[in-house]
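Here is what each chain is made of, one letter per residue.
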Amino acid sequence: MGGTTSMWADGQLPPTDDLDPGPLKVADAQPAVAKAFVGRSPGQLAMMRLRRDRTAVWSFWVLIFFVAVAVLAPVIQWIYGYDPYRTDSGLLDDTGVPLGYLGGITLTSDNASHHMHLLGVEPSLGRDLFMQIVFGLRTSLIIAFVSTIISTIIGTVIGIVAGYFGGWVDSLLSWFIDYMLAFPFLLFCLAVIPVMNTRIADSFGQVSATKRIITIIAVFSLFGWMYTARLVRGQVLSLREREYVDAARAAGARPMHVMFRQLLPNLWAPILVTFSLGIPATITGEAALAFLNIGVIEPAPDLGRVIYNSSSWLAADPANLVIPGVVIFVVVLAFNLFGDALRDALDPKSSK
Amino acid sequence: MRYRVRALVVSALAISLAVAGCSKNTGGGGNSGGGGPSKQAAIVIDKDGSVGKAPAPDVPGAKKGGTLYWLEDGATEHLRPQQAYVTDAQSVLSLVQRTLTNYIEDPNGGPLKLVGDLATNAGESSNDSKTWTYHLRNGIKFEDGTPITSKDIAYGISSAFGKQGENGPQYVQQALDPDKAFKFQLGSASSIVPGITTPDDKTIVFTTKDPHPEWPYLMALNTTSPVPPAKDTGDAYERAWDSTGPYMQDGPYDGQTKLKLKKNPNWDPASDPIRHQYPDNWVFDFSPNRNDQTKRLIADQGADQYAVGTAQVAQANVSEVQNDANLSKRVASAPTPFNDYVNINTSRVTDLKVRQALNYAFDRGAYITALGGSALAAPSTTLLAPTSPGYQKYEAYPGQGDHGDPAKAKELLAGQKPKLKYCFANTQTQQQYAVVIQQAMARADIQVVLAPVDKSAYYTTIGDKTTDCDIMRYGWGADFPDAQSTLNVLFNGKNIVPKGNQNVSYFNQPDINQKLDALQNEPDRAVAATKYGELDKEIMEKYAPTIPNFVLRAYILHGSKVGGGFISPLFANYNLVNLYAMS
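These protein sequences, in sequence, are chains A and B. Using the numbering used here, read the first sequence as starting at 1 and increasing by one per residue. Using the numbering used here, read the second sequence as starting at 1001 and increasing by one per residue.
It is worth saying that the hints were derived from the structure and are not from the lab. The hints are all genuine.
Below, a list of computed lysine-lysine pairs in the DSS-like style, where the Cα atoms sit at most 25 angstroms apart:
| hint | chain 1 | residue 1 | chain 2 | residue 2 |
| --- | --- | --- | --- | --- |
| 1 | A | K211 | B | K1419 |
| 2 | A | K211 | B | K1421 |
| 3 | A | K211 | B | K1455 |
| 4 | B | K1151 | B | K1209 |
Generate coordinates for the entire structure from the input sequences, incorporating the hints supplied.
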């Protein structure tokens, strides 16, 4: 049992390519055929579609920009010439509100810190908001990339194993996937992160900043793999019936070889899509942790915490919330749009 | 005693962004909060009953009737009098429970008067302050009309020796039973601690091993509220009790959301020199957080016109309140006894030069700005709060303005670059303050490593004698207006125990211990007060065991129809017994 019946149950479309090419495929394929009979690999076709998609191109460059900012943060600091950790109460009035316009935006050095503040300063502390965002972006992206990579690996392995072996292995792993999906993620974070932090605390109850980041990555990895696993399992269920898999088996290949040498290369497309959609989800999730005070702690800069801190200043200093808010919005939007475009390019049958 | 501070939780905000952020902030806003409190608190102790005359004189313009509201973020943890040690509970109890002695607070900031409350005076001592005798007033009754006898008071105090007093102040327990020999039996009228005798229903006598000249203060703690033995339900007494004050429960209380009070018909104003019974009802709403309280009281709509807040005005709204003439009228601002320190663990930071350098490098100005400015806190350079008797203003380690003197700190360190671990409770605001400390110390090449501790474990962590925290945030409010309840508690090395320390500087110097012991037994508290003031300076100059940081100011709004509002100098909340509703 299992194999063929659950194939439909997983919401996979039946393999229609042999019977009915479908309108989209015809539309896509015809011009290429008309010009010249050039052989193109599926990868090249996807790349071509991606390049034609203006949203994809724009979001791609926006992503490159933000990743570059994060990676080059120390260089930017060197050029800008201001320490991200430096506080200055001289930039604030008595109650902690930044002096000047729009949350202390100043392009001259005619102020207490004798330096310009491109995006203003943080209320209460008087740190430079631009530097906080640059370094905060770095923290957020590191957490998002590392935990999404780990969760994608976990999800892929579990999905392939479940789909390939079928039978009781599949039943057990599918049940486990459903079990993990049943956890309300944020509530679980609220319960688990403090407990984990207590576990890894030294004998005096103190947890270093690095350890806290590792905890966050661990939690996101452990709870982010299920969708990938489900998707991969569904794909494997259909792929394992293909002739090349039979051929490999007939040639005496071991399951490990079939799974990771034969099947995996055919799964890159869906994995890439879940990966690119997983990153923005993790960025927003990580930012939400700051609101529960279980995220990254001071003095390590963090985008989510910058937003959380500024939210209580909404009336007195709205610029301080709007600026980092726009940054995180653009980053997440760009990742999402690019992920969508990637899916369209890799899987032209799916409709928008 | 600890001040009730909740982490600021941000709720959905009704916004009018449009103008707020686009105008230039020149920092020239109103500064009605002013600088540090300078008034030296004096105290009158009513030894002969001539000051505490009942009934209490009327508040000018006060009206009877109506309902008043109290807004607080979260319910008080305890309402059994013997368990009350946090200021919010003590404020609520001022309406429902009476004690042997108590304070008359002056709306105009005049001296506190310690008078007899259930007793006729503040206490008569004999035998070198080892025996204290109290006579009860006439007409004192529980809410059901049963007269209050000295036995009910003796039982109430004895109950503080059991489980029902674990979280309350421990002064009376330590004085009457220093060896912890007495075992309390719940509900047993004969379970009275050996130091108390009740020759008749109107007299109660306390006998202690050591002299206790501060006894009248201890009798003002809620430990001395009477509890009828037959009706003592133990833990359930937290939510259903027998009132002795002007108000009693109106319907059941779930211990969490809302407490309603109505007039107690068996409270006789002619027996009470302190309290009034102006509003018909009181509603304690334990749901609005600091932001909500600020917004509701600024909006001043409906029932909120009759409400008093408990939290300081939210930081982001301070300048709005300062700059609005109408709001400024509705905010009560007063110094409090709550002193904040950055304590130095002297058992780890043994080098006096380093401790002095820390004091020079510290930046109070930046810390207070981060906290919300001079309306909410005043810089403090002394161990005693300005409200304490004997307070002397001095600055042992002066800096430039409030921003410290990093150059002087570097000079003292002479090339040393100490690396110190700073412990604090892990809340959003404390994290930000930690950054201020880190940056201030960095100016003098002192490296501060931030070590946030889970909020619930914070006091346990730093109170452990073997803690590895080098410096840590600590706050203290005097339990009674005598310097003993600050200096002796925080800086007497003899009080250091393995766990649960309040002397978290782990400061233990024989010469200081000796002076503190001598002052504790000084019968004339006015003389003691002056000497405590001098000792304060001596400790800081000679040993620098802590960095005094700031004194909290109460800055709390009330609704437009609330009359008689002023801040209680003891509890940093509105004084509830004088409040009335305007029609």
